[in-house]
Amino acid sequence: MKQNQRLLESSNSHLSLERGLRVIEAIAEAGGSAMVSEIARKTALPRSTTHHLLRSLTGFGYLIQEGEARPYKLAPKILKLTGRNWTQAQLAEISFSFLDELSRCTGEGTSLAILRESVVTVVAKRDSEGPVRVVQQVGATRPIHCTAVGKTLAAWLPKRELDAILDHLVFKKFTARTITNAAAFREQLTHIRAAGFALDNEEHIEGIRCLANPVRDQSGAVCAALCIVGPKNRLSLRRLMSLRKSLAVVAADLSVRLGYRGLGGMMPKDSQRPIGPTP
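The numbering of the sequence shown is my numbering, which starts it at 14 and goes up by one.
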C-alpha cells in the first residue's frame with residue numbers, strides 16, 4: 014500500500030513538473046509574455062490548472078505578473094539560470110513604464126539605449142509634452158564617443174571590449190565640444206565611472222543636452238543606458254544636475270526589474286525611493 018502511494022505521489026510530482034515546464038515553454042514561445050488564456054490554449058491545459066501553475070511559478074520567482082489583469086512574464090531568475098540576456102524587444106517592453114514615469118516627473122524626453130556589436134541603438138523612448146521637444150526615433154543609432162548613452166555604455170565595458178571598439182572608432186567631430194581622440198575619451202570614461210552618470214553637453218548636437226545612467230541586469234553587468242534629453246534653454250547645467258536623483262532612482266528601479274540585486278544580493282541603494290516633479 015505504501016509503495017503504491019509513493020508511486021502515485023511520484024507520478025503526480027512528475028506530472029506537475031511537466032506541466033510547469035510546458036507553461037514556461039509556452040510563455041517563452043510567446044516572446045516572454047502571455048495572458049492566462051493564451052497559455053492555457055498553447056499547453057492544452059484547463060484554465061484553472063493553468064492559473065494554479067502560474068501562481069506557483071510566480072511564487073517560486075520564475076514568473077512575474079504586474080497586476081491581476083496583466084500578462085505573465087518570464088522573470089530574471091530564468092535568464093540567470095540559462096545564462097541568457099534580455100532581448101532588445103524585452104528591454105523595450107519592460108522599460109516603457111519607467112520611461113513614462115521619468116518623463117512625467119522631469120517634463121523632458123527619455124530613452125533607453127543598448128550596445129550591440131559596437132553599435133549604440135535607441136530601443137525605447139518617451140517624448141516630452143509640449144511644442145518644443147527633442148524628437149527621438151526607436152532604432153536610431155548614436156555615436157558612442159559624444160552621447161550620454163554611448164559614454165555610459167562604454168564606461169562600464171570590460172577593458173578588452175572597450176579596447177576593441179576604440180581600435181576601430183573614428184572620432185567624428187559633431188560640434189566644438191565633441192571629444193576627438195581616444196586618450197581624452199578614456200579619461201572621461203574614468204570620471205563617468207566615478208560619478209555614476211554621463212553628460213552630453215552639446216557634444217553631439219548643438220543646443221541639446223542629455224544625462225544618462227547605467228542600467229544593470231541579473232548578471233550585474235550594465236545592459237543599457239537610461240537618459241533624459243532636452244533643449245539647453247530648458248536644461249541648464251544646474252537643472253540637469255538637479256535631475257540626477259530622479260534619473261538614478263528610475264534607473265535603479267529598472268535594474269531591479271531586470272533582476273539586479275546589487276552587491277551581496279542587496280537591493281540597489283537608489284531603488285524604490287520616491288520621486289516627484291522637479292522644478
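Hints are computed from structural coordinates only; laboratory data are not their basis. Be aware that one or more of the hints could be misleading.
[Stated by the list, open to error] Restricting the straight-line Cα-Cα distance to at most 25 Å, the calculated cross-link-like pairs of lysine to aspartate or glutamate (DMTMM-like) are:
id	residue 1	residue 2
1	K185	E219
2	K185	E200
3	K55	E79
4	K90	E106
5	K258	E106
6	K90	E38
7	K258	E142
8	K186	D176
9	K172	E142
10	K86	E51
11	K55	E81
12	K90	E142
13	K55	E130
14	K86	E42
15	K185	E174
16	K245	E142
17	K245	E219
18	K186	E106
19	K186	E200
20	K245	E79
21	K86	E31
22	K55	E38
Against the structure, the hints come out as follows:
{"no.": "1", "hint": "K185 <-> E219", "verdict": "holds, 15 Å"}
{"no.": "2", "hint": "K185 <-> E200", "verdict": "holds, 18 Å"}
{"no.": "3", "hint": "K55 <-> E79", "verdict": "holds, 22 Å"}
{"no.": "4", "hint": "K90 <-> E106", "verdict": "holds, 18 Å"}
{"no.": "5", "hint": "K258 <-> E106", "verdict": "holds, 24 Å"}
{"no.": "6", "hint": "K90 <-> E38", "verdict": "holds, 15 Å"}
{"no.": "7", "hint": "K258 <-> E142", "verdict": "holds, 21 Å"}
{"no.": "8", "hint": "K186 <-> D176", "verdict": "holds, 20 Å"}
{"no.": "9", "hint": "K172 <-> E142", "verdict": "violated, 40 Å"}
{"no.": "10", "hint": "K86 <-> E51", "verdict": "holds, 12 Å"}
{"no.": "11", "hint": "K55 <-> E81", "verdict": "holds, 20 Å"}
{"no.": "12", "hint": "K90 <-> E142", "verdict": "violated, 36 Å"}
{"no.": "13", "hint": "K55 <-> E130", "verdict": "violated, 35 Å"}
{"no.": "14", "hint": "K86 <-> E42", "verdict": "holds, 11 Å"}
{"no.": "15", "hint": "K185 <-> E174", "verdict": "holds, 20 Å"}
{"no.": "16", "hint": "K245 <-> E142", "verdict": "holds, 16 Å"}
{"no.": "17", "hint": "K245 <-> E219", "verdict": "holds, 9 Å"}
{"no.": "18", "hint": "K186 <-> E106", "verdict": "violated, 34 Å"}
{"no.": "19", "hint": "K186 <-> E200", "verdict": "holds, 18 Å"}
{"no.": "20", "hint": "K245 <-> E79", "verdict": "violated, 37 Å"}
{"no.": "21", "hint": "K86 <-> E31", "verdict": "holds, 19 Å"}
{"no.": "22", "hint": "K55 <-> E38", "verdict": "holds, 9 Å"}
Going down the numbered hints, you'll see the structure goes against 9, 12, 13, 18 and 20, while the others check out.
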